[in-house]
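One letter stands for each residue in the lines below.
There are 2 protein chains.
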Amino acid sequence: MPRFFTDQPVGDYIRVTGSDARHIGFSLRMKAGEKITFCHNGIDYHTVIESFTENEVLCRVESSEPSRSEPSVFMTLYQAFPKQDKLESIIQKTTELGVSRIVPFISARCVSRPDERSYAKKLERFRRIAEEASKQSGRGIIPEIAELMTFEKALDDMKKSDVKLFCYENGGERLGNIHLPQSGTISVMIGSEGGFERDEAERAEAAGAVNIWLGERILRCETCPVAVTAVIMSLTGNM
Amino acid sequence: MPRFFTDQPVGDYIRVTGSDARHIGFSLRMKAGEKITFCHNGIDYHTVIESFTENEVLCRVESSEPSRSEPSVFMTLYQAFPKQDKLESIIQKTTELGVSRIVPFISARCVSRPDERSYAKKLERFRRIAEEASKQSGRGIIPEIAELMTFEKALDDMKKSDVKLFCYENGGERLGNIHLPQSGTISVMIGSEGGFERDEAERAEAAGAVNIWLGERILRCETCPVAVTAVIMSLTGNM
Numbered sequence: 083m084p085r086f087f088t089d090q091p092v093g094d095y096i097r098v099t100g101s102d103a104r105h106i107g108f109s110l111r112m113k114a115g116e117k118i119t120f121c122h123n124g125i126d127y128h129t130v131i132e133s134f135t136e137n138e139v140l141c142r143v144e145s146s147e148p149s150r151s152e153p154s155v156f157m158t159l160y161q162a163f164p165k166q167d168k169l170e171s172i173i174q175k176t177t178e179l180g181v182s183r184i185v186p187f188i189s190a191r192c193v194s195r196p197d198e199r200s201y202a203k204k205l206e207r208f209r210r211i212a213e214e215a216s217k218q219s220g221r222g223i224i225p226e227i228a229e230l231m232t233f234e235k236a237l238d239d240m241k242k243s244d245v246k247l248f249c250y251e252n253g254g255e256r257l258g259n260i261h262l263p264q265s266g267t268i269s270v271m272i273g274s275e276g277g278f279e280r281d282e283a284e285r286a287e288a289a290g291a292v293n294i295w296l297g298e299r300i301l302r303c304e305t306c307p308v309a310v311t312a313v314i315m316s317l318t319g320n321m
Numbered sequence: 083m084p085r086f087f088t089d090q091p092v093g094d095y096i097r098v099t100g101s102d103a104r105h106i107g108f109s110l111r112m113k114a115g116e117k118i119t120f121c122h123n124g125i126d127y128h129t130v131i132e133s134f135t136e137n138e139v140l141c142r143v144e145s146s147e148p149s150r151s152e153p154s155v156f157m158t159l160y161q162a163f164p165k166q167d168k169l170e171s172i173i174q175k176t177t178e179l180g181v182s183r184i185v186p187f188i189s190a191r192c193v194s195r196p197d198e199r200s201y202a203k204k205l206e207r208f209r210r211i212a213e214e215a216s217k218q219s220g221r222g223i224i225p226e227i228a229e230l231m232t233f234e235k236a237l238d239d240m241k242k243s244d245v246k247l248f249c250y251e252n253g254g255e256r257l258g259n260i261h262l263p264q265s266g267t268i269s270v271m272i273g274s275e276g277g278f279e280r281d282e283a284e285r286a287e288a289a290g291a292v293n294i295w296l297g298e299r300i301l302r303c304e305t306c307p308v309a310v311t312a313v314i315m316s317l318t319g320n321m
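So the sequences go chain by chain: A and B. Last residue of the first sequence? That's 321 in our numbering, and every number before it is there in order. Last residue of the second sequence? That's 321 in our numbering, and every number before it is there in order.
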């Protein structure tokens with residue numbers, strides 16, 4: 083069944099306009115009487131198309147339920163900004179795997195450092211990628227892609243989390259040895275190509291984060307968040 | 083320290099010729115007295131450069147040890163041949179994560195079906211990607227990329243494994259519930275874009291494989307093997 087996201091509060095009806103309406107009417111060639119699922123805030127609304135007007139599709143809500151595809155943990159990925167288009171692939175794949183929020187930030191060893199204007203442009207694209215990956219993988223929410231933060235701001239933002247993990251190439255605990263709750267909030271901070279400075283690892287530790295070591299094999303910067311998200315989802319019973 | 087693979091048996095000396103010799107002499111501009119590690123069959127040989135001739139670098143072995151970066155399990159990934167260049171990315175990322183052998187095969191829903199000649203060409207490229215990823219991630223071996231098999235042949239090949247897993251989108255056990263040994267051989271069979279036919283799942287089960295279910299979220303064909311390899315390495319204490 084086609085799956086769309088809506089950011090409007092849902093009552094008895096959902097009115098679809100804009101590109102989603104065109105997609106339903108023209109690309110999918112759907113007709114009155116056919117069924118569509120809309121997701122809002124982790125709830126799946128099962129609807130039936132009642133009518134089409136020129137710019138709008140009117141759908142009647144038949145039933146709703148919490149989205150079955152949402153993981154029981156709210157995982158935030160703090161990702162140091164990598165080079166090239168690697169963040170796009172990271173957003174796509176961690177979204178499929180169940181991440182709930184992605185916070186790009188600038189660490190000491192980041193080579194790519196977009197300014198505000200260039201990040202604003204990228205952000206639009208990042209959000210589109212997150213939405214597409216959410217639709218494709220059947221998510222109940224679209225992960226939030228945050229504004230670009232400094233390392234300090236990201237660390238401060240992370241403090242609220244129940245579990246705070248800091249991936250450090252110079253050693254730490256193995257992920258499998260960490261007690262991860264089956265619900266609540268889990269934050270993971272991952273470096274860009276060059277990893278982290280010792281000073282950054284110490285500040286993360288002082289902020290309450292546990293250093294995590296991913297073993298002897300050196301993972302590419304874009305492989306690491308995908309691997310970590312998969313392992314966290316498995317360890318919390320979500321994969 | 084620079085790291086190279088050698089396929090020759092190692093005695094007191096290693097003679098390097100061809101592109102590796104050029105790489106050592108010209109790209110890296112190494113000199114006599116400098117140290118290089120060579121990997122052969124999971125053993126790291128720590129050597130020192132003794133002399134250069136026009137086409138050869140002569141290295142004296144100083145010590146050797148089993149490669150610390152090799153996982154304790156020998157994991158074979160049986161991957162149904164995907165479209166485009168997805169297999170290249172799968173080879174690269176699962177090599178970093180610790181896979182030991184990759185067997186591409188053709189299943190009922192494979193869209194891309196290279197013939198023998200076109201696969202032979204691809205295979206050269208696949209093997210180069212595995213070697214590059216092994217060097218970059220510090221592996222002690224280069225994972226073997228096998229000849230393209232039929233589904234039947236791949237299933238038969240898988241039979242020898244201690245643990246046989248079959249990733250099936252229509253349900254099965256969660257990976258975290260499977261008892262995985264900390265050593266020995268683990269085989270995982272993963273579908274292409276369209277997944278597997280019911281008939282194929284039944285034949286895998288008859289061959290002794292356990293159906294594995296990766297949860298409610300639909301993973302892209304190239305995300306699935308990366309996620310599964312990461313989780314297996316974590317569950318066996320290798321990540």
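Hints are computed from structural coordinates only; laboratory data are not their basis. Among the hints, erroneous ones may be present.
A pair holds if it fits inside one copy or across any two, identical chains being indistinguishable in the list.
[Stated by the list, open to error] With a straight-line Cα cutoff of 35 Å, these simulated DSBU-like cross-link-like pairs (lysine-lysine) come out: (1) Lys113 with Lys241; (2) Lys117 with Lys242; (3) Lys165 with Lys235; (4) Lys165 with Lys204; (5) Lys113 with Lys235; (6) Lys117 with Lys165.
Just so you know, these numbers come straight off a predicted model, no measurement behind them.
Status of the hints after comparison with the structure:
| no. | hint | verdict |
| --- | --- | --- |
| 1 | Lys113 with Lys241 | neither (49 Å within a copy, 50 Å between copies) |
| 2 | Lys117 with Lys242 | neither (40 Å within a copy, 47 Å between copies) |
| 3 | Lys165 with Lys235 | within (21 Å within a copy, 41 Å between copies) |
| 4 | Lys165 with Lys204 | both (13 Å within a copy, 28 Å between copies) |
| 5 | Lys113 with Lys235 | neither (49 Å within a copy, 46 Å between copies) |
| 6 | Lys117 with Lys165 | between (42 Å within a copy, 31 Å between copies) |
The structure fails hints 1, 2 and 5 (numbered hints given earlier, in ascending order).
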